[in-house]
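Chains A and B, in that order, are what the protein sequence lines are. In this text, residue positions in the first sequence follow UniProt numbering: the first is 1, and each later residue adds one. In this text, residue positions in the second sequence follow UniProt numbering: the first is 1, and each later residue adds one.
Think of the hints as simulated: they come from the structure by calculation, not from any bench. No experiment lies behind these values; they were computed from the predicted model shown. Keep in mind that the hints are not guaranteed to be accurate.
[Stated by the list, open to error] Here are a few chain A residues that sit away from chain B, every Cβ distance over 10 Å (derived from the structure):
#1 R13
#2 T17
#3 V30
#4 G38
#5 H46
#6 S176
[To be verified] Here are the simulated distance ranges between beta carbons:
#7 B:D23 to A:G50: 33 to 39 Å
#8 B:G53 to A:S178: 54 to 60 Å
#9 B:A93 to A:L123: 32 to 38 Å
#10 B:A160 to A:H46: 27 to 33 Å
Here a beta-carbon is modelled for each residue, glycine too, at the ideal position from N, C-alpha and C.
Number of protein chains: 2
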Amino acid sequence: MGRPRTPLLDRERITTTALELVDEQGEFSVPQIARRLGAQTASVYHHVDGRDGIVELLRERVCDAIDDGAFELTPWDAAMAAWARSYRAAFAAHPRTIPLLTASPVRAPKVLQQYEKAVARLLDEGFPLADVMPVIIGLENLVLGSALDMAAPEMMWELADETATPQLARALGAVSESRADRAFEMALAGYLTHVRALLDTDRP
Amino acid sequence: MGRPRTPLLDRERITTTALELVDEQGEFSVPQIARRLGAQTASVYHHVDGRDGIVELLRERVCDAIDDGAFELTPWDAAMAAWARSYRAAFAAHPRTIPLLTASPVRAPKVLQQYEKAVARLLDEGFPLADVMPVIIGLENLVLGSALDMAAPEMMWELADETATPQLARALGAVSESRADRAFEMALAGYLTHVRALLDTDRP
Chain A
1 MGRPRTPLLD
11 RERITTTALE
21 LVDEQGEFSV
31 PQIARRLGAQ
41 TASVYHHVDG
51 RDGIVELLRE
61 RVCDAIDDGA
71 FELTPWDAAM
81 AAWARSYRAA
91 FAAHPRTIPL
101 LTASPVRAPK
111 VLQQYEKAVA
121 RLLDEGFPLA
131 DVMPVIIGLE
141 NLVLGSALDM
151 AAPEMMWELA
161 DETATPQLAR
171 ALGAVSESRA
181 DRAFEMALAG
191 YLTHVRALLD
201 TDRP
Chain B
1 MGRPRTPLLD
11 RERITTTALE
21 LVDEQGEFSV
31 PQIARRLGAQ
41 TASVYHHVDG
51 RDGIVELLRE
61 RVCDAIDDGA
71 FELTPWDAAM
81 AAWARSYRAA
91 FAAHPRTIPL
101 LTASPVRAPK
111 VLQQYEKAVA
121 RLLDEGFPLA
131 DVMPVIIGLE
141 NLVLGSALDM
151 AAPEMMWELA
161 DETATPQLAR
171 ALGAVSESRA
181 DRAFEMALAG
191 YLTHVRALLD
201 TDRP
């Protein structure tokens, strides 16, 4: 009987366990992570920069699935659309991380690098400096709201009595499959059209 | 010593307690509600239609703050914008309810009535039946993503080393206060402009 080959604790395993807990419960605690890994709470703290450090590890893990190669596409709005679709898919896989991650500041260096690329792409395109963050944040609003919707039940409205809401019943009857995708693509197209118009206005 | 004047348990108090728990933890359990109210878990179940029933009570409580009088405004896009702003404010007050409520179907009759009004307003305006739900869902994506953003820290990006992400540092330096509001209004305007164009295309 030698020592186990994989160490009991490392940042990868702590992150994986925290993500499992958030997927299940919407939250995690350091003692819960320790319990699942058969370790002492103090030992977990030895590997990470406090609870906030674990939140940043979660952010890095989820954002790793975002394709930031999208920023190399042309034209710029195709790049933003590809980034948005990939961003949405990454968070739709772990929707319960969304309120946790949006409630604390972005510190993870790898994630900050993704924002750096997004900002650089918009500045290159000629967006005024003051518009760049609002454009990115507006797109994120849309992406994260839609990621939550992707995790929603396919039948999102249950009418016990159709006669109480007859118009809603008709509108629901006319909805095709993939309602979430259709709504997202509609909102994305609208947003990018609007942002494109802002850019044209700002150009000399 | 008579009986207490307020009954220990009723749906209002159960809802209030569930909302406190979700605001604090992102989740609630029926035993937790019972403990806070000094009651037996079985007694709580006596007042509500299971855990799902409590989720619907939460939905009703949060959505009560949405002004559905907005649907009476003209033109229709001013009505949708007013509804969206009020919807966003209601959920920004309780952002941790968002993933809980989007993960289960809408059954609360009062909330279904709000959707009925939204659908009726869009049908009156001439939107094709199949477009009505996508238009509403796209708007909700934007609203809920932004409600999460309103609950975010004012300084959402913390750069330990500005030289690692120089463009991001510049863009953040140019952001004025109320970044969340500015991004939301930009996305809302874009969305409604796009939807207006769809309506004009569909009109004979």
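Okay, the hints, checked on the actual structure:
1. R13: Non-interface label stands for A:R13: nearest chain B Cβ at 23 Å, farther than 10 Å.
2. T17: Non-interface label stands for A:T17: nearest chain B Cβ at 17 Å, farther than 10 Å.
3. V30: holds, 15 Å
4. G38: A:G38 clear of chain B: closest Cβ-Cβ about 25 Å, beyond 10 Å.
5. H46: It holds; A:H46 is separated from chain B by about 21 Å at its closest Cβ, greater than 10 Å.
6. S176: violated, 7 Å
7. B:D23 to A:G50: 33 to 39 Å: violated, 23 Å
8. B:G53 to A:S178: 54 to 60 Å: violated, 30 Å
9. B:A93 to A:L123: 32 to 38 Å: holds, 35 Å
10. B:A160 to A:H46: 27 to 33 Å: violated, 21 Å
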